[in-house]
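K.L.:
Next come the chains, spelled out residue by residue.
2 protein chains.
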Amino acid sequence: MSDARLIALDWGSTRLRAFLLGADGAVLATSQSEQGASTLSGADAFAQALTTVVRGWPALPALPMLACGMVGSQHGWCEAPYAPCPAGADALARQALQVSAKFWILPGLMHDGAQPDVMRGEETQIIGALALHPVLAEQACLVLPGTHSKWARVAAGRVTGFATHMTGELYALLRQHSVLSRLMPGGASAPSPESFLAGVDAARKDGGLSHHLFAVRTLGLFKRLAAEQLPDYLSGLLIGHEIAHELSAALPERLALVGDPALCERYALALNRFGLAAPLQLDNTAPAGLWRLAQTMGL
Amino acid sequence: MSDARLIALDWGSTRLRAFLLGADGAVLATSQSEQGASTLSGADAFAQALTTVVRGWPALPALPMLACGMVGSQHGWCEAPYAPCPAGADALARQALQVSAKFWILPGLMHDGAQPDVMRGEETQIIGALALHPVLAEQACLVLPGTHSKWARVAAGRVTGFATHMTGELYALLRQHSVLSRLMPGGASAPSPESFLAGVDAARKDGGLSHHLFAVRTLGLFKRLAAEQLPDYLSGLLIGHEIAHELSAALPERLALVGDPALCERYALALNRFGLAAPLQLDNTAPAGLWRLAQTMGL
Chain A
114 MSDARLIALD WGSTRLRAFL LGADGAVLAT SQSEQGASTL SGADAFAQAL
164 TTVVRGWPAL PALPMLACGM VGSQHGWCEA PYAPCPAGAD ALARQALQVS
214 AKFWILPGLM HDGAQPDVMR GEETQIIGAL ALHPVLAEQA CLVLPGTHSK
264 WARVAAGRVT GFATHMTGEL YALLRQHSVL SRLMPGGASA PSPESFLAGV
314 DAARKDGGLS HHLFAVRTLG LFKRLAAEQL PDYLSGLLIG HEIAHELSAA
364 LPERLALVGD PALCERYALA LNRFGLAAPL QLDNTAPAGL WRLAQTMGL
Chain L
114 MSDARLIALD WGSTRLRAFL LGADGAVLAT SQSEQGASTL SGADAFAQAL
164 TTVVRGWPAL PALPMLACGM VGSQHGWCEA PYAPCPAGAD ALARQALQVS
214 AKFWILPGLM HDGAQPDVMR GEETQIIGAL ALHPVLAEQA CLVLPGTHSK
264 WARVAAGRVT GFATHMTGEL YALLRQHSVL SRLMPGGASA PSPESFLAGV
314 DAARKDGGLS HHLFAVRTLG LFKRLAAEQL PDYLSGLLIG HEIAHELSAA
364 LPERLALVGD PALCERYALA LNRFGLAAPL QLDNTAPAGL WRLAQTMGL
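Chains A and L, in that order, give the protein sequences.
The working numbering applies: residue 114 is where the first sequence begins, and numbers increase by one.
The working numbering applies: residue 114 is where the second sequence begins, and numbers increase by one.
Incorrect hints may appear among the rest.
Copies of one chain are not kept apart here, so a pair can be met inside one copy or by any two copies together.
[What the hints assert, rightly or not] Derived EDC-like pairs (lysine to aspartate or glutamate); straight-line CA-CA distance at most 20 Å:
{"no.": "1", "residue 1": "K318", "residue 2": "D137"}
{"no.": "2", "residue 1": "K336", "residue 2": "E147"}
{"no.": "3", "residue 1": "K336", "residue 2": "D116"}
{"no.": "4", "residue 1": "K336", "residue 2": "E378"}
{"no.": "5", "residue 1": "K336", "residue 2": "E192"}
{"no.": "6", "residue 1": "K318", "residue 2": "D396"}
{"no.": "7", "residue 1": "K318", "residue 2": "D225"}
{"no.": "8", "residue 1": "K336", "residue 2": "D225"}
Simulated from the structure, these hints should not be mistaken for lab results.
Could you build the full structure based on these sequences and the hints that come with them?
P.N.:
Below you can see the structure in the form of structure tokens.
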């Protein structure tokens with residue numbers, strides 16, 4: 114632990130993940146808790162959650178701490194205003210908010226395109242991906258699947274723009290609360306890749322998402338899909354619509370998927386259905402991003 | 114009451130509406146209850162709900178009764194299998210299910226197009242609309258907005274095909290359960306037609322529904338729309354996407370909106386934004402449809 118250099122915090126809505134980083138950003142220790150930003154209220158609660166998650170890490174008082182994610186939102190610990198696109202590591206580092214002598218919170222990113230768009234935490238994962246794979250910094254599209262999937266365009270080391278799709282949230286809403294959920298099994302079911310791909314294929318047809326979704330009901334009603342196949346068909350429809358819309362614009366040659374490996378694998382399968390070669394897949398790039406940004410800040 | 118000829122029942126998932134019809138289908142009396150098909154289980158419960166809703170109508174024992182809607186679904190009183198498109202009054206009447214000596218349940222409609230699609234109850238509203246406005250029977254598109262909006266093509270008195278959009282259900286899910294709901298006022302808010310139309314306009318741009326929906330969050334976050342404007346913006350987005358997809362196919366010259374007047378007015382406003390002239394608007398055509406179908410059946 115003696116060569117510890119930074120405490121890096123990936124502090125999202127529902128979870129807090131802490132990384133003790135050594136020289137060159139090597140991960141020396143990790144710790145996590147369910148004390149996400151949406152579960153906490155007031156500076157004392159945030160400070161206590163931080164103390165708890167790093168308990169036992171000996172070098173604590175002397176080390177700088179850098180956090181990204183919803184901890185910097187309006188309802189977080191302190192609001193770190195969004196940096197506007199285009200922005201790279203320099204711009205993000207410049208806008209880091211100093212909360213105390215040794216603790217900083219990074220800003221999120223905003224993009225004011227056809228509609229305003231925001232991210233918090235993903236910008237740090239992107240910086241981490243560029244640090245780990247410098248070729249992506251030249252020109253690439255980085256896809257970060259999740260509750261609110263992000264498709265970010267990168268050029269010359271900066272995020273030039275991005276779009277959010279509420280794919281994961283729509284899946285959860287429809288799976289749990291809609292008429293579609295009635296025909297589905299209650300718990301998890303065996304994965305059905307062929308149903309997932311059937312959903313992806315359906316998404317490529319005319320009709321629109323709000324129409325295609327109703328097929329989850331009718332295919333179940335007429336027993337053309339079994340109950341346990343319907344969740345994967347729904348997932349394929351939603352991910353297929355997301356991809357179809359993003360591919361309707363010109364895409365850089367380099368495409369990378371960043372995030373949970375199982376979810377990235379789903380996206381890779383669907384992208385393949387659209388004729389795209391297997392993209393680079395990167396897991397958990399937040400520590401590398403926090404390390405790179407800490408270096409940029411001179412911490 | 115002496116000229117009563119038919120008890121007509123519009124028996125949906127959440128509500129039962131009864132009409133005592135006289136000669137020429139004139140409505141002599143109405144009654145309703147919250148005992149929709151989804152609230153009842155078992156033939157006895159349905160029979161009891163029927164008895165209760167028509168209590169006090171003197172001619173009951175001698176009169177034929179005809180019902181449409183979810184009462185004929187798998188989980189209704191008795192399953193009346195779907196009639197396939199194309200289908201008009203003849204085909205629907207032929208497939209009516211006789212439950213007892215004086216009581217019949219009409220089938221729903223199914224359309225096996227690019228994806229299977231179904232309706233129960235709306236087919237009867239469509240028959241009613243054609244009966245009230247025979248010119249629609251030649252060739253028309255009938256739009257029935259609601260939880261599951263239906264766009265039905267009619268030619269030569271028959272429904273040739275239709276598509277469902279889960280517009281109303283998506284609105285309710287997103288309004289109540291999603292991240293978008295957090296920035297909105299809890300209860301009803303003053304209508305904001307300009308926010309509704311801004312949502313309709315946004316739906317016409319590239320990007321896809323799951324992306325456009327996220328603007329409800331960011332426009333609220335950056336205070337470009339006030340909290341009380343967000344529900345109408347969301348409604349405009351969803352209705353706009355529905356219309357944009359339906360208009361991408363060739364549409365018959367005659368368009369009619371059938372259903373709740375306030376909701377039809379919303380659709381008329383949105384259609385106008387797409388350059389369409391004010392369509393015919395019809396309210397509550399189920400009694401006329403049940404009357405026409407009873408005549409076809411010779412009741």
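K.L.:
Report the numbers of all earlier hints that the structure fails to satisfy, in ascending order.
P.N.:
The structure conflicts with hints 1, 2, 3, 4 and 6, although it agrees with all the remaining ones.
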